[in-house]
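Asks: Make the full structure from the sequences, and use the hints.
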Amino acid sequence: MSTIESPDVRAASSATPSVPDASGRFGVFGGRFVPETLTRALEELTQEYAKAKSDPDFQAELDELLHRFVGRPSPLYHAKRFSQQLGGAQIWLKREDLNHTGAHKINNTLGQALLTLRMKKTRVIAETGAGQHGVASATACAHFGLPCVVYMGAEDVRRQKPNVFSMRLMGAEVRPVESGSKTLRDAVNEAMRDWMSSVEHTHYIIGSVIGPHPFPMMVRDFQSVIGKECREQCLTSIGRLPDTIVACVGGGSNAAGMFYPFVADKGVRLIGVEAGGRGGTPGDHASPLTFGAPGVLHGSYSYVMQDDDGQTSDVHSISAGLDYPGVGPEHSYWKDAHRVEYTSCRDDEALGAFDFLAKNEGILTALETCHAVAKAAEIAKTMSPDQHLVICLSGRGDKDAAELARLRGQEW
Amino acid sequence: MTAIDTLFEKLRASGKKALMPFITAGDPNMDFTAKVLKRLQELGCSMAEVGIPYSDPIADGPVIQASYTRALTNKIKLHQIFDRIEQDRNTLTMPLVSMVSYAIIHRQGPEAFVESAKQAGFSGAIVPDLLVEESTALSKVCRERDFNLIQLVTPTTPPERALRIAQESSGFLYFVSVTGITGERTQLPEGLVDRVGWLKSRTDLPICIGFGISKPEHVRLLAPVCDGLIVGSAIVRCLEGANRSEDEAIASASTLVKSLLEALG
Chain Y
575 MSTIESPDVR AASSATPSVP DASGRFGVFG GRFVPETLTR ALEELTQEYA KAKSDPDFQA
635 ELDELLHRFV GRPSPLYHAK RFSQQLGGAQ IWLKREDLNH TGAHKINNTL GQALLTLRMK
695 KTRVIAETGA GQHGVASATA CAHFGLPCVV YMGAEDVRRQ KPNVFSMRLM GAEVRPVESG
755 SKTLRDAVNE AMRDWMSSVE HTHYIIGSVI GPHPFPMMVR DFQSVIGKEC REQCLTSIGR
815 LPDTIVACVG GGSNAAGMFY PFVADKGVRL IGVEAGGRGG TPGDHASPLT FGAPGVLHGS
875 YSYVMQDDDG QTSDVHSISA GLDYPGVGPE HSYWKDAHRV EYTSCRDDEA LGAFDFLAKN
935 EGILTALETC HAVAKAAEIA KTMSPDQHLV ICLSGRGDKD AAELARLRGQ EW
Chain S
712 MTAIDTLFEK LRASGKKALM PFITAGDPNM DFTAKVLKRL QELGCSMAEV GIPYSDPIAD
772 GPVIQASYTR ALTNKIKLHQ IFDRIEQDRN TLTMPLVSMV SYAIIHRQGP EAFVESAKQA
832 GFSGAIVPDL LVEESTALSK VCRERDFNLI QLVTPTTPPE RALRIAQESS GFLYFVSVTG
892 ITGERTQLPE GLVDRVGWLK SRTDLPICIG FGISKPEHVR LLAPVCDGLI VGSAIVRCLE
952 GANRSEDEAI ASASTLVKSL LEALG
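Taken in sequence, the protein lines are chains Y and S. Quick note, in this note's numbering, the first sequence goes up one by one and the last residue is 986. Quick note, in this note's numbering, the second sequence goes up one by one and the last residue is 976.
Take these hints with a grain of salt, some might be off.
Just a few of them, taken from the derived set where beta-carbon distance is under 7 Å, the chain S residues facing chain Y [stated by the list, open to error]:
#, residue
1, P839
2, L863
3, S965
Covered, in the sense of this in silico footprint (three residues per stretch, anywhere, with C-beta under 8 Å from a C-beta of chain S), are these stretches of chain Y [unchecked claim]:
#, segment
4, 608-614
5, 748-760
6, 765-772
The hints are simulated quantities; they were obtained by calculation from the structure and are not laboratory data. Note that beta-carbon positions come from the ideal geometry of N, C-alpha and C, so glycine has one too.
Replies: What follows is the structure in C-alpha cells.
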C-alpha cells in the first residue's frame with residue numbers, strides 16, 4: 575500500500591465532519607457542475623432535504639422503515655474463524671448484506687423516495703451499476719407506488735442479470751444503455767439526460783455520494799446509519815472503538831456512510847479500497863483516488879480518471895459497482911486531508927477473498943465488497959489479536975454467482 | 712470589444728438578426744470542419760458555434776452525442792482543433808464561439824484554455840455545465856482577456872436568477888428554448904416568445920435562442936423577439952454522412968441553412 579499514513583499524520587488531519595459548506599464544497603471538492611436546467615430542482619431538493627432533516631416526523635418515518643422494512647440494525651458480526659485463519663486482528667463484519675434487498679443501497683433509496691413524495695414528484699429515475707441500487711430504487715418505488723425507470727449499462731445488464739430480473743419483477747422499467755463503455759458512467763449520463771427533460775415532475779435518486787450538491791451530502795447522511803450503528807455496536811461488543819475500518823469505494827456510498835461518524839475519532843484508522851482491476855496501467859483499473867487527478871465529472875469536482883484533454887477515461891473492474899471513473903467529492907476531501915487512506919485491490923485478489931469468506935465463514939459476498947475483504951485480510955495480518963478491524967460488508971454475492979461461473983467456465 | 716460584441720452592434724444598427732449554426736469539431740476530421748465553416752460563412756451566417764467533443768455530454772441529445780463520439784473515436788485532440796482553426800484565421804472572418812464542457816476547461820486551466828482558444832480565433836465560449844455560481848474564476852479570466860463567457864438561461868430559471876445570469880454573461884445570452892437536451896423539435900414550447908420578450912426588455916445584452924430549432928417556421932416565429940438563432944442538431948444530422956460523401960453532406964447542410972437564412976430575412 576502506497577498511502578499508509580502514520581497515526582501522527584491522521585491525528586493532525588484537518589478533516590472535519592462539518593462539510594460541505596452552503597455551496598456544496600468539501601474543502602475544494604464537490605460543488606455543482608450541471609446545466610442550468612437542473613438548478614431549480616437541485617435548489618428545491620436542497621431546501622426540502624434541510625426541512626426533512628429537522629422534521630422529527632420524517633426521521634421517525636424513515637427510522638420505522640429502516641427497522642421494520644429493511645431489518646435494521648444490521649448485525650456487527652465477529653468473524654472468529656476468519657480472524658483465526660489470518661492470525662491477526664479480530665475481524666468484525668458490519669452485515670449490510672443482511673438488509674432487505676441485500677446491500678446498503680436501500681438506506682438511501684427509502685430516504686430519497688420519502689423526499690420524492692414530500693416534493694410531490696410523481697416519477698423516479700435511477701442509474702445502477704451492479705444493480706443493487708436499481709433493485710433498492712425499484713423496491714422503494716414499489717413500496718410507495720411510484721413509477722421507476724432504471725438506467726443500466728448494457729454490459730452491466732449482462733453481468734448482473736439476477737438484479738435486472740428482480741427490478742422488473744417489482745415493476746421497474748430497466749433501460750439498457752448502449753452508449754460509451756455501456757457501464758455505470760454511461761448509465762449516469764443517460765439518467766441525467768432523462769432528468770434534463772423530466773425534471774419538473776421526476777426525482778433522480780442518485781445511488782452514490784456523487785453528482786451535484788446536495789446529492790453527495792444527502793446520500794452520505796442517509797448511509798451514515800451504517801457508521802452510527804457500527805460505532806454503538808463496537809462500544810457494546812468490544813468495549814471501545816475499533817482500531818481500523820475498511821470499506822470498498824466505487825462512487826463511495828457505503829464507505830462514506832461507514833466512515834463519516836468516525837471522522838472526528840482520529841484514533842480510528844479508515845481505509846477505502848478502490849478497484850485495482852488488472853493492474854496499474856490506465857484503462858485496466860477504476861482507481862481515481864489512487865491514480866487519478868482532480869477534475870469535473872457528473873456534476874462535481876473530485877478525483878477522476880481523465881486524459882490530458884479532460885475526456886473521461888475508460889476504466890475496468892470485475893465488479894460492475896466499482897467500474898466507475900469518478901468518486902464522491904468527500905472522499906477526495908478525506909484523501910487530501912489525510913483522514914482516510916485509499917488503496918486498491920486487483921480483480922484476482924477480490925475473487926480470492928470471495929472464496930475465502932465463502933469457505934471460512936459461509937458468506938457469499940458481493941464482488942464489490944470483496945475488494946474491501948481482500949485488503950482487510952492483508953491489513954489484519956499485520957495487526958495483533960487484541961486489535962479490532964471492522965469491514966463494511968456492503969452487499970451479498972448471490973447476484974455474482976452467474977458471472978463467477980462464467981469467468982470460471984462452470985455451469986450455473 | 713470582442714468580434715461578437717462588434718457583430719451584434721452592427722446587426723442591431725441595421726435591424727438584422729444572426730443565424731448561428733453549430734457544428735462538431737473533428738466530425739469526422741478537422742479538414743472537413745474547416746471546410747464546413749467556410750461554406751457557412753459564404754452562405755451568410757453571422758457566426759458559428761464550434762462544439763468541442765466531450766465524452767460525457769449530459770445536455771446533448773442523441774445527434775450531437777453521436778457526433779462527439781465519432782470525433783473522439785477518431786482521436787480528435789483539443790490542440791488539433793485549435794491548430795486547424797488558427798490556420799484559417801485570415802479567411803474565416805465570421806466570429807467563432809466554442810461550446811465546451813467545464814471538464815475540458817478545468818483540465819487545461821482557465822487561463823491556458825482561454826489563451827489558446829483566443830489564439831486560435833475564438834471570441835468566446837459557451838460552457839453548458841458551468842452555473843453562474845461556479846463561474847467566478849473563469850469569468851474573471853475571460854474579462855481580463857477580452858473573451859466572451861456566454862451564459863445560459865432556461866425555462867426552469869426563475870426570473871430574478873435570469874436577470875443575474877444576464878448580468879454575468881458577455882457577448883450574448885443563450886436562451887435555451889426547452890426543458891431538455893439538444894435536438895430537433897417539431898413544436899417549440901408555448902410561452903417561449905413571451906419569456907424571451909420579458910428578458911429582452913430588461914437587458915441590453917443580445918439574446919440568442921437555441922435548442923430544438925430546425926425549421927424556417929421556428930426562425931420566423933422567434934427572430935422578431937431575439938438577436939439570433941442557434942441551430943445545432945439539424946445541421947449536425949445533415950453532416951453525419953460526411954464519411955461517405957463530403958460534398959453531399961455539405962450540400963445537404965447548405966440547403967437547410969439557406970432556408971433558415973431566407974426565413975430570417
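Asks: Take the hints in turn and mark each one as holding or not.
Replies: Results of checking the hints against the structure:
no.: 1; hint: P839; in the structure: holds (5 Å)
no.: 2; hint: L863; in the structure: holds (5 Å)
no.: 3; hint: S965; in the structure: violated (30 Å)
no.: 4; hint: 608-614; in the structure: holds (count 7)
no.: 5; hint: 748-760; in the structure: holds (count 3)
no.: 6; hint: 765-772; in the structure: holds (count 4)
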